[in-house]
Amino acid sequence: MKRIDTYPTHEYEGYKISQGKPFPFGATMVPGGVNFSIYSSNATACTLVLYEIGANEPMVEIPILEEFHIGNVFCMTVYDIDPDTIEYGYRFDGPWEPEKGHRFDDSIVLLDPYAKLIGGRDVWRQPIDVNNPYPFRSRVLRADFDWAGDRRLHTPIEDLVIYEMHVRGFTQHPSSEADNPGTYAAIREKIPYLKDLGVNCVELMPVFEFDELEYPRDNPLNGDQLINFWGYSTLGFFAPKAGFAASGRYGMQSDEFKAMVKALHANGIEVFLDVVFNHTNEGNDEGPTTSFRGIDNAVYYLLDEDGDYLNFSGTGNTMNCNHPVVRELVIDCLRYWVAEYHIDGFRFDLASVLGRDQEGEPLSNPPLLEALALDPLLAHCKLIAEAWDAGGLYQVGTFPAYGRWAEWNGKYRDAIRRWVKSDQGIVREVGQRIIGSPDLYGTRGSTASINFITCHDGFTLHDLFAYNEKHNLANGEDNLDGANDNYSWNCGVEGPTDDPEIAALRERLMRNAITILMVSQGVPMFFMGDEYGHTKFGNNNTYCHDNELNYFDWEKLKESADLYRFFKQVIAFRKAHPVLRVRRHLAGEDYVGSGCPDLTWHGVRPWDADWSGWNLALAFMLCGENAARRDALRDVVYVMMNMYWEPQVFELPAPTRNGVRWHVAINTGNDSPDDICPVGQEPLLEDQRSIQLAARSVVVLVGKAE
Amino acid sequence: MQIEITHSGESTIITLVGDIDSSSAPDIQDALSKQIHENASILLDMTGVTFLSSFGLRHLLLLKREVVDAKGQIVLVGLSDPVANVMEVTGFSSFFDIYETVEDGLAGLSDNQGAW
Numbered sequence: 003m004k005r006i007d008t009y010p011t012h013e014y015e016g017y018k019i020s021q022g023k024p025f026p027f028g029a030t031m032v033p034g035g036v037n038f039s040i041y042s043s044n045a046t047a048c049t050l051v052l053y054e055i056g057a058n059e060p061m062v063e064i065p066i067l068e069e070f071h072i073g074n075v076f077c078m079t080v081y082d083i084d085p086d087t088i089e090y091g092y093r094f095d096g097p098w099e100p101e102k103g104h105r106f107d108d109s110i111v112l113l114d115p116y117a118k119l120i121g122g123r124d125v126w127r128q129p130i131d132v133n134n135p136y137p138f139r140s141r142v143l144r145a146d147f148d149w150a151g152d153r154r155l156h157t158p159i160e161d162l163v164i165y166e167m168h169v170r171g172f173t174q175h176p177s178s179e180a181d182n183p184g185t186y187a188a189i190r191e192k193i194p195y196l197k198d199l200g201v202n203c204v205e206l207m208p209v210f211e212f213d214e215l216e217y218p219r220d221n222p223l224n225g226d227q228l229i230n231f232w233g234y235s236t237l238g239f240f241a242p243k244a245g246f247a248a249s250g251r252y253g254m255q256s257d258e259f260k261a262m263v264k265a266l267h268a269n270g271i272e273v274f275l276d277v278v279f280n281h282t283n284e285g286n287d288e289g290p291t292t293s294f295r296g297i298d299n300a301v302y303y304l305l306d307e308d309g310d311y312l313n314f315s316g317t318g319n320t321m322n323c324n325h326p327v328v329r330e331l332v333i334d335c336l337r338y339w340v341a342e343y344h345i346d347g348f349r350f351d352l353a354s355v356l357g358r359d360q361e362g363e364p365l366s367n368p369p370l371l372e373a374l375a376l377d378p379l380l381a382h383c384k385l386i387a388e389a390w391d392a393g394g395l396y397q398v399g400t401f402p403a404y405g406r407w408a409e410w411n412g413k414y415r416d417a418i419r420r421w422v423k424s425d426q427g428i429v430r431e432v433g434q435r436i437i438g439s440p441d442l443y444g445t446r447g448s449t450a451s452i453n454f455i456t457c458h459d460g461f462t463l464h465d466l467f468a469y470n471e472k473h474n475l476a477n478g479e480d481n482l483d484g485a486n487d488n489y490s491w492n493c494g495v496e497g498p499t500d501d502p503e504i505a506a507l508r509e510r511l512m513r514n515a516i517t518i519l520m521v522s523q524g525v526p527m528f529f530m531g532d533e534y535g536h537t538k539f540g541n542n543n544t545y546c547h548d549n550e551l552n553y554f555d556w557e558k559l560k561e562s563a564d565l566y567r568f569f570k571q572v573i574a575f576r577k578a579h580p581v582l583r584v585r586r587h588l589a590g591e592d593y594v595g596s597g598c599p600d601l602t603w604h605g606v607r608p609w610d611a612d613w614s615g616w617n618l619a620l621a622f623m624l625c626g627e628n629a630a631r632r633d634a635l636r637d638v639v640y641v642m643m644n645m646y647w648e649p650q651v652f653e654l655p656a657p658t659r660n661g662v663r664w665h666v667a668i669n670t671g672n673d674s675p676d677d678i679c680p681v682g683q684e685p686l687l688e689d690q691r692s693i694q695l696a697a698r699s700v701v702v703l704v705g706k707a708e
Numbered sequence: 011m012q013i014e015i016t017h018s019g020e021s022t023i024i025t026l027v028g029d030i031d032s033s034s035a036p037d038i039q040d041a042l043s044k045q046i047h048e049n050a051s052i053l054l055d056m057t058g059v060t061f062l063s064s065f066g067l068r069h070l071l072l073l074k075r076e077v078v079d080a081k082g083q084i085v086l087v088g089l090s091d092p093v094a095n096v097m098e099v100t101g102f103s104s105f106f107d108i109y110e111t112v113e114d115g116l117a118g119l120s121d122n123q124g125a126w
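One line per chain: the protein sequences are A and B, in this order. Our numbering puts the first residue of the first sequence at 3, with every later residue one more than the last. Our numbering puts the first residue of the second sequence at 11, with every later residue one more than the last.
For reference, chain B alone in the conformation it holds in the complex (with noise of 0.2 Å):
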């Protein structure tokens, strides 16, 4: 799994390249931790990600968590057709917000400064 993490105004970008599975989303979890604080703004890039098992998911959904804790918020964007069919199937699409390319997750993050 490689991380990278860029900026772009107030928002973070995490471009994740790999699987999401149990033994890359401590990585995950580790970076994206340090990203995380009051009013976060993080996009994260999944275009790279070709793989997304059961505890990856829950490891996303938890991360969600910690940001809406933080009152801050999370898109992803650039989901492949099966990690986005997979989300679907499993319920776990309707717990984030999602977009098909960075600007998009930009936008929709600019747009919802403030909502929480």
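Bound conformation, chain A alone (with noise of 0.2 Å):
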């Protein structure tokens, strides 16, 4: 039976009409039309802008009556459209007052914040047409896809083993033979080999909609158009990007989209997003108003009291996050990706903003980030901060976790950095970051800490041994922009180098980073290229280059045949090895008098480990008979590193059970493939009592039965 309410109370030009629905936001198809809601608490008029796909001028613009306004909502159903072929937009009429926050323009055709589609970038790096002062268009969505019984994971957040990716970086570059480079499908395309490596859970940078085309600058050393590849500048935060599908000429990125998550899933694989509330592409002032400035800038930015833009994004404008209206837009947001396109979990970019109070002051309680917390929707999602902003905040260890927020453990990163590169006065706070972090997450557990070496941001694994200074030039912003601690060391020659030893020498730095993060306790993330030793040439902040130096090199992974063979085996073993995935902190403790507490400390010499500053030697014990986990019971594990800048012999404690021994798993002094050995095939240690580790190296050995 038809609703009795599916009729038109008015006319328009020609366009039925009738007062819509206020829920849910955004453009829904109804019986008969499509619902159009929208809202501003500044705003005195709103029009409905209503286009032809494609078309420059508008087919018709609806003012919204005053009868269909209620409260702060703007809505209306409009019948007879095509929501196949029609795009939109809004114009708002209000005070243009900027020293109170209020910037209206009537002229300028908006997004609607709620679009779960944006025309406009359809393709990558298509052409814009200089006639169209308002590409960026909000589409209707049907939003029907099958998802055929997927089932979400839930795989324990301690079992994961995080992939940070980019969708167009992954397979843009010619050597991927992907059938449609730079896309969703192509990940799809790709699975097989992120089953090789062993990951599971892949963490795509930014998909909400953004401008590549933003930025107005060239690459001063060859005159290259910079673009914004990564992408952390949003249009809309409910439109997955168009240009990252080979659908998206046809508006179906979301079709791809999910295609590519049913797939993932299908593999064993999680998929996490990169979001970015902390600030949108608008910019300062002199930004371009797009939507959120237009509709409402008082309410979506934080502002002073003279009407300008604080900064703690470092990109012009920073989200008022906490404030109530745009407090359920980021949660109405995170359950759309959950519900709709079945995501795993999400990492803040900047996360502390989402701290912040409406003068921009840190919450000790930010409403914000409890909601999330306890939101039913999102209750066995993963959510990582990245738990610090431009502003000068940094709350690694302290952002208010409601007991479920993980945190991208940016002093893990720093301290193995140091210590891989030999820096002495570490090795206390190396003890503490390859535990878990029990410093920092006492309460929280291991899972609170997100354990990374390299991503996006900074450094490749391959740079941080072959750079000592970063090298920017490129972006064009005289080399200023990018960290400037970047913990790294170049082994004597800045760059690439022919001299054999320096380049044995970053392959085995590179081995002994990659083995550290995969032996500690929490959850290990890398970046995509690191497991074939990606090069971007020292430079640590590519944000702005659609190229090589940030396309994953097919061809390069086939050449690094042994360094790629190193990471899966070094992954493998960490998934073997229940002992290296303890969701509560290790206490050194024998709850079970079983003879062997969870862990233990060692040096050169067995139980006798040397945390006095210049030391560079350290060895643990992990020891699954007191586990929560009965996989983990008869696992143990030893892992020495020798960060020397010579050989060390390193004597050996006893293995725990009787009959026994010590079998040599990891050693990153030899050559491949004696460098790591397939889990199930170690050999045994001829001698029991003692090895000599190479300078700078580790050594994983794991007692077995004989």
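Read the hints as simulated data drawn from the structure, not as lab findings. No false leads were mixed into what you were given.
To give an idea of the chain B side of the interface with chain A (calculated C-beta under 10 Å), a few residues:
no., residue
1, S64
2, L67
3, R68
4, L71
5, P92
6, N95
7, V96
8, E98
9, V99
10, G101
11, F102
12, S104
Cβ atoms here follow ideal geometry from the backbone N, Cα and C, with glycine treated the same way.
Two chains, two frames, a set of hints: combine them into the complex.
Below, the structure is given as structure tokens:
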């Protein structure tokens, strides 16, 4: 039976309309038409602007009648329009009083903040139509994807190996040989690769629609146009980036994205999104007005008393995240991505902004963070904070967690980088970082710590050991952008070298780093390309390059087969050893009286760890006798790290049980393939009492019964 | 949109020429609905289809469901490269039996007789 409220009550220029439903916000297909709903607390009037897809001029502009204005919500149903062929925007009228925070200008056609699809950049880098002043248009999504039995994986967070990646960067290089390079579909094509590598979670750099063509600058070194490649510049929070979809030109990016998620899930791989709520693409008062500024500037942005933009994001504006209206937008958005796209987790860019109040002051109990932590729909989804912002707030270890939030552990990154390059005075901190940073996450457990040494931001793993300094001139900012405290070491020569000793040392340091990452308690993450030693030639902030700097090189992957093999095996090693993945903090206790505590520290002599400042040799034993997981009970792992520039003999403790003897799983001092042994095939260590570690090397033993 | 209906043995061949989108899909639906009966065996020849919109694809999937509900079967043939690619990247192709030519499609239909 048809609903009795699906009839128009008014007509405007031949278009039949009626008062709309205020909920849900955005454009929704309803019987006979499309319902439009949008809010603004300071606007005086709102006009719906409808276009045929691709047309520069609107087909009609329908002022939303006063009787369709409920509270601060403008809502209207328009009948007999084809949601397949229209796109829309809004004009808002209201005061132009920048000093009071109001910047209304009804000459501008604005995006719907709840737009589920956004047109205008349907194909990556498609030429700009100079005759179209408002190219970004909201579109109506038919959200009826057939998930055909997709199941959420709910992988325990401690069992994840997170692979941070960029959708376009992963397959755009010709060597990828993908059918649809640079797209969601191509990630689906490469699932066999991800499985071979062994990662079980991909964290996608921003996929919300952004304008890759927003930069006016060129590369000063070669004149190439600079492109917003990374995409930390959101146009709309509900719309997947069309230019990352092979089907974007047909408006089917949503289906393509979902097909990718479905296929990843079917292969046991979770999908996390890097979400950027701390700012938008609109920048400061000199930036473009595409949506929020023109709809309700004083609500969406943090402003000072003169109406100027506060800038805690480093990009010109800051979202007013703890305004109730903005808070709802963020919550609605995340719920939408979980419900509609089956997303498993989120990493929040500059998340400390989400804990600031409307004046920009840090809150002790931020309502938004609490709401996300306790939200019913987000209940099983992983929430990860980049626990700092560009306004000086640094909350690693103190981010308001509500028992839910994990953090990118920036202190882990810095300590392990320094350790691997043999910095002294760091051993005590390294001890904390390797066991899940209990000094930072005492009550939260090791799984609060997302451990990483590299990510999209900063040096790649290769460049960490090939460059002392950043080399960012190509970014067009006079090398002033990007971090200066990289804790990197070039091993003697800045950049590429033919010196075989330096090359071999770099290879070993990369192996040391990834080994330490994979034997640390907490959740490991690394960046795509590190598995073959991708170089960005010392550029540590490649946000603006649509080229080889950011493209995964599949040919190089083949050439670096030894390093790739090492990565693959060390990931497999982590997965095979549950003592490396303990949720609570290890305490050095032997609760069950087995004779073997869960964690013990050692040095070049067993039971004798040296925590003094100059020391560069450390070992530890993880023993599963006390483990809560049954599969860990017989598991014992011994890790030795010699960060000295000379070889050192390590005496060994006796394995825990009678009949168990040490076997060598990893020795980064050896050449491939003896640097790592496939799980289960570890050879017996001939001398069970001691082993010599090469200079700057890591050895990992496993206890196995003969 | 031109729609032509012929028969080959037990099978119905529906030849579509033009774009499949929200404006043409209802016509296709009308034409096909008349051909859907128990154990119907339908071949959709799309050699002349130049564009398949998001809504068009959804209509095709709904038709497929109707045919399956009637214990019949439906195959698609003659997809152009762009159309095939869109169906592939969006995951729609996994719901359909797709063949290159009418002959292959008819053979596929008879191979599957009784498979439901």
